[in-house]
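Q: Sequence:
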Amino acid sequence: MNEPLVSVVMPTYNHAHFIKEAIDSVLGQTYNNLELIIVDNYSEDETREVIEGYTDDRIRYMQFRNNGIIAASRNRGIEQAQGDYVAFIDSDDAWLPEKIRLQVDVMQSDTRRGISFGKFKVISPDAVETGKIMGPKDPHMPAGVYARLIKANFIVSSSTLVRKKALNDVGHFDESPELRCSEDFDLWLRILRKYRPAFVDEIVGVYRMHATNQSGDELRLKRALAVIDKHFKNGWIDQYVADAARASFYFQVGWTLVGKEPRRAREYCRQAIKHHPTNPRILAVSSLAIGLSAVPGVYQYLRKHKMDKRLSERTINHQNL
58 MNEPLVSVVM PTYNHAHFIK EAIDSVLGQT YNNLELIIVD NYSEDETREV IEGYTDDRIR
118 YMQFRNNGII AASRNRGIEQ AQGDYVAFID SDDAWLPEKI RLQVDVMQSD TRRGISFGKF
178 KVISPDAVET GKIMGPKDPH MPAGVYARLI KANFIVSSST LVRKKALNDV GHFDESPELR
238 CSEDFDLWLR ILRKYRPAFV DEIVGVYRMH ATNQSGDELR LKRALAVIDK HFKNGWIDQY
298 VADAARASFY FQVGWTLVGK EPRRAREYCR QAIKHHPTNP RILAVSSLAI GLSAVPGVYQ
358 YLRKHKMDKR LSERTINHQN L
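Heads up, the sequence shown is in our numbering, so the first residue is 58 and it goes up one at a time.
Please keep in mind that the hints were generated in silico from the structure rather than gathered at the bench. Beta carbons: idealized from backbone N, C-alpha and C, even for Gly. Among the hints, erroneous ones may be present.
Lysine-lysine pairs mimicking DSS-like chemistry, simulated, CA-CA at most 25 Å apart [unchecked claim]:
| no. | residue 1 | residue 2 |
| --- | --- | --- |
| 1 | Lys317 | Lys331 |
| 2 | Lys290 | Lys279 |
| 3 | Lys331 | Lys251 |
| 4 | Lys77 | Lys222 |
| 5 | Lys251 | Lys290 |
| 6 | Lys194 | Lys77 |
| 7 | Lys194 | Lys178 |
| 8 | Lys279 | Lys317 |
| 9 | Lys317 | Lys189 |
| 10 | Lys290 | Lys331 |
| 11 | Lys178 | Lys189 |
| 12 | Lys279 | Lys331 |
| 13 | Lys251 | Lys222 |
| 14 | Lys221 | Lys279 |
| 15 | Lys317 | Lys287 |
| 16 | Lys279 | Lys222 |
| 17 | Lys189 | Lys221 |
| 18 | Lys287 | Lys331 |
Listed next, with one range per pair, are the computed distances between beta-carbon atoms [claimed, not checked]:
| no. | residue 1 | residue 2 | range |
| --- | --- | --- | --- |
| 19 | Tyr111 | Asp286 | 41 to 47 Å |
| 20 | Gly348 | Lys189 | 33 to 39 Å |
| 21 | Gly228 | Tyr118 | 22 to 28 Å |
| 22 | Pro334 | Glu109 | 30 to 36 Å |
| 23 | Arg169 | Gln296 | 42 to 48 Å |
| 24 | Asp113 | Thr335 | 55 to 61 Å |
| 25 | Asp286 | Arg169 | 26 to 32 Å |
| 26 | Pro154 | Val185 | 19 to 25 Å |
| 27 | Asp286 | Asn124 | 20 to 26 Å |
| 28 | Thr335 | Gln139 | 46 to 52 Å |
Could you put together the complete structure from these sequences and hints?
A: So this is what it looks like as structure tokens:
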């Protein structure tokens, strides 16, 4: 049986020191029938020279001015894609060798599936493992995954494989400035409104955490709220789901600030309760965060003994709020 072509879209800008690892991880897939479309936002470092050092004819390189909107670069890549599937990878991330094969197999088994995603391990800029894993906490993806995802974006963009038909159906990345940094979140939601997910319960890649790919807490919150507003205004979610989603994101940011900026942490957690006061879990965990932020010594004790991490993982699972 012929293997379907997979188009891999890799936007890049000034990642000469990371992109070789990303490219090698794509070309080193055990699944060979793929094309790699690199969309370069006119990098000012040696990115182009690194790319031109490859002779593999599966690579297609183009320069494209995205004016600070990475969604535009991804869309440019989608427009050039010739495959039945489109996979996305950032030029500072990397895949494990079986990633695409695992996903194609699970997608081919059910044409109702529109998107596949998996887990990523987090590494430092120097490729040191941090012990953190990104991706869904629950390996079982129920039919109501859309309602879960809108409260906590657990899909790693570089882990995705999307059916091209689904992209043509729901549209590509939204290039609106207000969705910058959350355009992927919006697209996954739009796909999951109409298609089933295919979760690969394995680590399929590595996410490199460094200063230039980390958005500030308030910016992440603002972008997430913009996505929720879009889906509410389009009638895709009702007021209850919208408020629950807003409450979840307010709490997530509030919790991260408990030990750093207690005043802001309390404000965000109060906003969480305000948006969804009837949810006992939101009420309980937000009240806990407010209490811990008011007594820094207790939180520091928990952190010293690494109890804050266990509390977050076992009691405060953002994906279940």
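Q: Taking the hints in turn, state whether each one holds.
A: How the hints compare with the structure:
For the hint linking lysine 317 to lysine 331, the alpha-carbon distance of about 23 Å falls within 25 Å, and the restraint holds. The hinted pair formed by lysine 290 and lysine 279 meets the criterion: a straight-line CA distance of about 16 Å does not exceed 25 Å. Among the hinted pairs, lysine 331 with lysine 251 is inconsistent with the structure: their alpha-carbon atoms are about 31 Å apart, more than 25 Å. Our distance criterion of 25 Å between C-alpha atoms is broken by lysine 77 and lysine 222, whose separation comes to about 30 Å.
For the proposed pair lysine 251 and lysine 290, the alpha carbon gap of about 18 Å is at most 25 Å, so the pair holds. As the CA atoms of lysine 194 and lysine 77 are separated by approximately 31 Å, the hinted pair breaks the 25 Å bound. Simply put, lysine 194 and lysine 178 have alpha-carbon atoms about 13 Å apart, close enough for the 25 Å limit, and the pair holds. Distance check on the hinted pair: lysine 279 and lysine 317 sit about 19 Å apart at the alpha-carbon level, within 25 Å; holds.
For the proposed pair lysine 317 and lysine 189, the alpha carbon gap of about 20 Å is at most 25 Å, so the pair holds. A C-alpha spacing of about 20 Å is found between lysine 290 and lysine 331, which places the hinted pair at or below 25 Å, so the restraint holds. Simply put, lysine 178 and lysine 189 have alpha-carbon atoms about 6 Å apart, close enough for the 25 Å limit, and the pair holds. About 17 Å separates the Cα atoms of lysine 279 and lysine 331, which keeps this hinted pair within 25 Å; it holds.
Among the hinted pairs, lysine 251 with lysine 222 is consistent with the structure: their alpha-carbon atoms are about 12 Å apart, no more than 25 Å. Note on lysine 221 and lysine 279: the hinted pairing is violated, with a Cα-Cα distance of about 29 Å set against a maximum of 25 Å. Restraint check for lysine 317 and lysine 287: the C-alpha separation of about 31 Å exceeds 25 Å, so the hint is violated. Taking the CA atoms of lysine 279 and lysine 222, the gap is about 31 Å. The hint is violated against a cut of 25 Å.
Proximity of lysine 189 to lysine 221 is assessed by CA-CA distance (about 31 Å); at most 25 Å being required, the pair is judged violated. A C-alpha spacing of about 21 Å is found between lysine 287 and lysine 331, which places the hinted pair at or below 25 Å, so the restraint holds. Range check, tyrosine 111 to aspartate 286: Cβ separation about 42 Å, and the 41 to 47 Å hint holds. Hint check: glycine 348 to lysine 189, Cβ distance near 26 Å, so the stated range 33 to 39 Å is violated.
Here the CB-CB span from glycine 228 to tyrosine 118 is close to 26 Å, well matched to the stated 22 to 28 Å. Take proline 334 and glutamate 109: their Cβ atoms lie about 58 Å apart, and the range 30 to 36 Å is violated. Between arginine 169 and glutamine 296 the Cβ separation comes to about 29 Å, which falls outside the hinted range of 42 to 48 Å. Evaluation of the 55 to 61 Å hint for aspartate 113 and threonine 335 yields a pass: the beta carbon distance comes to about 56 Å.
Evaluation of the 26 to 32 Å hint for aspartate 286 and arginine 169 yields a pass: the beta carbon distance comes to about 29 Å. Taken as a hint, the range 19 to 25 Å holds for the pair proline 154 and valine 185, whose Cβ atoms sit roughly 21 Å apart. A beta carbon spacing of about 23 Å between aspartate 286 and asparagine 124 agrees with the range 20 to 26 Å that was offered as a hint. Our hint of 46 to 52 Å for threonine 335 and glutamine 139 holds, since their Cβ atoms are close to 50 Å apart.
In this structure, the earlier hints numbered 3, 4, 6, 14, 15, 16, 17, 20, 22, 23 are contradicted, and the remaining ones agree with it.
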